[in-house]
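Visitor: Single-letter residue listing:
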Amino acid sequence: MTGHLLDLCVAAPAFAALLLLFVPGKHLTAVRLISLAGALVHLAAAIAIAVSYNRATGGVQMVSSHAIVPSLGIALTFGVDGWGVPLLLLTATILTVGVFASWGLADRARDFFVLLLVLTSGVAGVFVSLDLFVFFLAYEIAVLPMYLLIAIWGTSNKVAPGGPFKFTWKMLDIGGKEYAAMKLTLMLLIGSALILAAMLAMYVEAGKHSFDLRVLGTIHYSPFLQSAGFIALWLGFGSLAGVWPFHTWSPDGHAAAPTAVSMLHAGVLMKLGAFGVIRIGMVLLPEGARQWAWLVGSVAMINIVYGALSAMSQKDLKYIIAYSSVSHMGVVMLGAATLNINGWNGAIFQMVAHGLMTGLFFALVGLVYGRAHSRWVPGMGGFANAMPIVAVCFTVASLSSLGLPGLAGFVAEFLVFLGAWQAGQPIWALAGLVGAFITAVYVLRTSRTIFWGDGPSHDFHDLTDAHGTEWVALGVLVAALIVLGVWPRLALDFIDVATGDYLPAVAGKTLEALR
Amino acid sequence: MSAFTLTRVDAALLCCAAPLLSFLILGLTPALRRTGRIAGYVSIAFAGLSTLYAASLLQGRMFAAASPPDIGQVGWLYAGGKLVASMGVQVDGISASMLVVVTVVALCVQVFSLGYLHDEPPAALGRYYTWHSLFLFSMLGLVVAPNALQLFLCWELVGLASYLLIGFYFKKPSAGQAAVKAFWVTKFADIGLGAGLLVLYVFTGTFDWSPQAVQLLGATGAAWTAGLFFLAVMGKSAQFPLHIWLPDAMEGPTPVSALLHAATMVAAGVYLIVRTYPIFQAAPGVLVFMTFLGAWTALFASIIACSQNDIKKVLAYSTAAQLGYMVSALGAGELWPGYFHLVTHAAFKALLFLGAGALIHAVHSNNLQDMGGLWPKLKISGTAFIIGAMALAGVPGFAGFFSKDAILDVLLERHLFAPWIALLAAAGLTAFYMTRVVMLALFGKPGHHTEHAHESPPSMLAPLVLLAIAALTLGFAGTSLATAAGHEYAFHLSTSGLIASSLALLGIGVGWLAYGKNAFVPGKIPAFAFVQGIVESSAVDRSFAWSYRVVFQGVSGGVAWFDRYIIDGFMNFSAWLTQMAGERLRAAQTGRVVDYLYAVVAGLLLLAAAGFWR
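Just so you know, the protein sequences line up as chains A and B, in that order.
Be aware that the first sequence starts at 1, since it is given in the numbering used here, and climbs by one per residue.
Be aware that the second sequence starts at 516, since it is given in the numbering used here, and climbs by one per residue.
In short, the hints are calculated from the structure, not lab data.
A hint or two may mislead.
Short, incomplete list of chain A residues facing chain B, as computed with Cβ under 10 Å [as the list claims (entries may be wrong)]:
| no. | residue |
| --- | --- |
| 1 | 249 |
| 2 | 305 |
| 3 | 311 |
| 4 | 403 |
| 5 | 426 |
Which stretches of chain B does chain A cover? Using the computed rule of at least three CB atoms under 8 Å from a CB of chain A, they are [stated by the list, open to error]:
| no. | region |
| --- | --- |
| 6 | 588-600 |
| 7 | 693-699 |
| 8 | 948-956 |
| 9 | 1056-1070 |
| 10 | 1073-1084 |
Quick list of in silico lysine-lysine cross-link-like pairs, BS3-like style, CA-CA up to 27 Å [to be verified]:
| no. | chain 1 | residue 1 | chain 2 | residue 2 |
| --- | --- | --- | --- | --- |
| 11 | B | 687 | A | 315 |
| 12 | A | 509 | B | 828 |
| 13 | B | 828 | B | 894 |
| 14 | A | 170 | A | 315 |
| 15 | A | 158 | A | 170 |
| 16 | B | 686 | A | 315 |
| 17 | B | 828 | B | 960 |
| 18 | B | 597 | B | 828 |
| 19 | B | 892 | B | 828 |
Quick caveat: nothing in here was measured; it's all calculated off a predicted structure.
Where is the CB? At the ideal position from N, CA and C, for every residue including glycine.
Could you build all of it, start to finish, from the sequences and the hints given here?
Guide: Below, the structure is given as structure tokens:
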């Protein structure tokens, strides 16, 4: 029975998308309800998986396998480990909340929800896939719908031409939504090409006619493949995780994307990249990981500080949040680079914490934008008087992003910085702490400019507070951030199990020595 | 043990849980919160309950001073199945007495606020009490923390409560700026606490401050940990040059200033040193630095306090100065005098702020020039304020006299002459500026609001009377408090005490001559005018503002430009190049068969050549 829970969890959104194809697009209520049902079944399955997962035994559980191409050893193999459980819950939460947040969308709603649901199935597939080929397939399914979602439902931004490459502006239509969608897709596809190359190289060198991760994980690859393959996987998956300097699709993409898409993309999809680096790159190529950990960590350090500084001088609300994601994903990669328990636990915890927080942020940005018809921060002021609930939720998200204890972000950052120092890299930890301070500077300033003060001015006459479905969306995310901040073990007890499963082989030490 | 006996751990948990419950009730039921006054009653009731538990704990510890601390913990973070950090409570003489200080002051302030914020809209009042409950919970969690990590967690939460309460009048731009500034400065300093915790864990594998942990730290580890912790203390406890947020924090309602920015929250920095004192003791270099920095802050802030016209700013600078006394004393290597001063200061500074609140309430202005001649109208609050002023000035017999004397004594004993002299000078200045405030506000020429001034309602007077009694008597409780905390203390009149009291009386005399008798105008004295000029230039504040503009706005603007036009510009350039190349190469696709044939032949020739040379 439990074997089918994973199938259900992965298939539910895709099945709902399939159903939607048979519903006329003009029946908006039916479209919304079917989407919501798909999301809720997905969520229920994720909860059931969390309940059935046995933490005492650990390892990969609820394995189910269906051969697809036996001659090549490709099989639809699903199984969940201690990392998969919280990440599936995160995905399901963000999807459900995202459906609520897009409840009011009327323009080609059916197509929108179809793409959103298919994308989510892809995400869930990545988290539970035990077959490298299926992993890659699901990864692409998750990434590609983004092009359409941004190009059709997105918004264009103005980007002032300038700099030494000014001559490129006109031809590329920089700032347009098609530009943003194309840039995102191209940069991620280049990454995919690197992944594919590394994947095939591993398959061939292993010579086992199997893409099964459990088989590929036992192979001792040649030093060249360990080294070059890890770099390819790091850059390939890393482009989706916003690894510097391949992060520039992220601000433009998130700024152009509609609310629910930004939520899913920053909240869940960017995690796929980091998850890929750890689960494929590091676990399958441990020597490569050890060889390049210094580089991964140092670039992550750049991500944290550089992203925060870039966010600081943005004036567009979506760009602020998008750059803050670049900074916070640096924390995930920093944790990965520590190759110790606290660092890895913190990295996975940060995926969950940042997913919830940035989901909340983008939901709020969508609400503010929908009512104020502007994302220009310096023009706003006094919004708390008109939308107190939004103000409170924005404050909670801000506080989590600056790492205030009691909220999920703190636990993650603290564990990562602790891991960094334990790994003998105090500079990484200090850079992280400084990044948290810079974050405090810009998020509090933003929050004060938008919400505090007298107002709002007459330019914003139809500001209303969150209501109905929006309220549900915000409430769920705020509650999750607080619960995980106060009692992190709800997620950490799962994460710790999988870290204990994978880390000793990667770090080349026994679990006892790693403690 | 029967099922109904409360252990001290249980009592401590309940003591913390009461305000948390109040916060949750008010936070989650908007209907109740928006009633305003009823929300206030709920918050006060739970604060009262907390006070009772705290009092019972202190009483219990007084009779069990020799027994080890009562500790109850639960695992909070794990790594590979091994415990990393726990949460819980630690009750000993220090934390029990601090619990009483915090709960009593908080209770007084919450009751006082009922009268002081009488005119606020109900929804705002409900919000006010919600944040107060959050603050009380966080502060109590900080006080009972059994390890440095929990202390840090609650440390940040009291910072949040401070941010929210400074920004209580959030429609006022200056309040918003002050709230954000306070958060920024303390958050910057907290980098030290965060890094210090990491050092502590990396060296010892725990977040404890036990003797075993100190041993594992060694001299290097202790120096790093203590030094980094002290950076955070400088932020929280407003030590030079990170004191800049405290005067601005006076934008909050006056009762908030009394509770957070005078009596309890700002003392959290000193309390951190007290709790982790074994680590500090293993770091002599840091201790010396503390002694000097504390003394300098005390002197510097006392000088500034002499020329402020806003009654709350006088008190704010005086708070920074008194915290300087505590830091300096702790730096001298002995725990008790500094902690004793923390306790007495909490009582008389809360009294002074609430008394100032009563004066402000009467004239609707913070400005000393608007007051004057209030004494006949405000006999009770006026008396309370004067008692507070005398306690702060260190008049013999009042609470401040005893603790200040203990501090000066220990400095002299350790031959720390320069800090000793600075603190003596600060003592004289303190007496001078408090006399100035009393003379300008309560006596002298009536200001234009004095006519309509009236005495405060009972809800404001009761806390004043209670705190005035504490300010009068707390000095005599020193010995029993010290015993409960496992320290030895007995008052004896020392050389420092005599000099300090003489200087205090001198300061009062000079103040009285200048502002009571108008015998001379201090502003006309060159030395005074010179110092005032330096003060008014607000050089410290401006240098911070400058570094914010240059370092942050300048650097971040540069980084953002670089990201947009160089990094992303290069991505765009590669896209442009691809597209251009495509367009150019399109010309090669002529569609004429002959051209293709040429290409095929050329290709064949190249292949043949390659085969030939291989």
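Visitor: Confirm or reject each hint.
Guide: Against the structure, the hints:
This hint holds: residue 249 (chain A) has a C-beta 8 Å from the nearest C-beta of chain B, less than the 10 Å allowed. Annotation: residue 305 (chain A) was flagged as interfacial toward chain B, and the flag holds, the nearest CB pair being 9 Å apart, inside 10 Å. Restraint check, residue 311 (chain A) versus chain B: the minimum CB separation of about 8 Å is within 10 Å; hint holds. For residue 403 (chain A), the suggested interface contact is upheld, since its CB lies about 8 Å from the closest CB of chain B, less than 10 Å.
The interface hint given for residue 426 (chain A) is met, as the beta carbon of that residue sits about 8 Å from the closest beta carbon of chain B, less than 10 Å. Chain A is given as covering the region 588-600 of chain B, and this holds because 9 residues of the stretch bring a CB closer than 8 Å to a CB of that chain, at least three being needed. Against chain A, the region 693-699 of chain B contributes 4 residues with a C-beta closer than 8 Å to a partner C-beta. That satisfies the three-residue criterion, and the hint holds. Residue count for the region 948-956 of chain B with a Cβ under 8 Å from a Cβ of chain A: 0. That is fewer than the three needed, and the coverage hint is violated.
Proximity of the region 1056-1070 of chain B to chain A, defined as three or more residues with a beta carbon under 8 Å from a beta carbon of that chain, is established by the 3 residues found. For the region 1073-1084 of chain B, the assignment as covered by chain A holds, since 10 residues bring a beta-carbon within under 8 Å of that chain's beta-carbons and 3 suffice. Of the supplied pair hints, the one linking residue 687 (chain B) and residue 315 (chain A) holds, its CA atoms being roughly 22 Å apart against a limit of 27 Å. Restraint check: the Cα-Cα separation between residue 509 (chain A) and residue 828 (chain B) comes to about 58 Å, which exceeds 27 Å; the hinted pair is violated.
About 23 Å separates the Cα atoms of residue 828 (chain B) and residue 894 (chain B), which keeps this hinted pair within 27 Å; it holds. Proximity of residue 170 (chain A) to residue 315 (chain A) is assessed by CA-CA distance (about 23 Å); at most 27 Å being required, the pair is judged to hold. Between residue 158 (chain A) and residue 170 (chain A) the alpha-carbon distance is near 12 Å, which keeps this suggested pair within the 27 Å criterion. This hinted pair checks out: residue 686 (chain B) and residue 315 (chain A) have alpha carbons roughly 22 Å apart, not beyond 27 Å.
Between residue 828 (chain B) and residue 960 (chain B), the direct Cα distance comes to roughly 22 Å. Compliance with the 27 Å bound is thereby established for this hinted pair. For the hint pairing residue 597 (chain B) with residue 828 (chain B), the CA-to-CA distance comes to about 50 Å; that exceeds 27 Å, so the pair is violated. Annotation: proposed proximity of residue 892 (chain B) to residue 828 (chain B) holds, straight-line Cα distance about 24 Å (limit 27 Å).
Violated hints, in rising order: 8, 12 and 18; the structure is consistent with all others.
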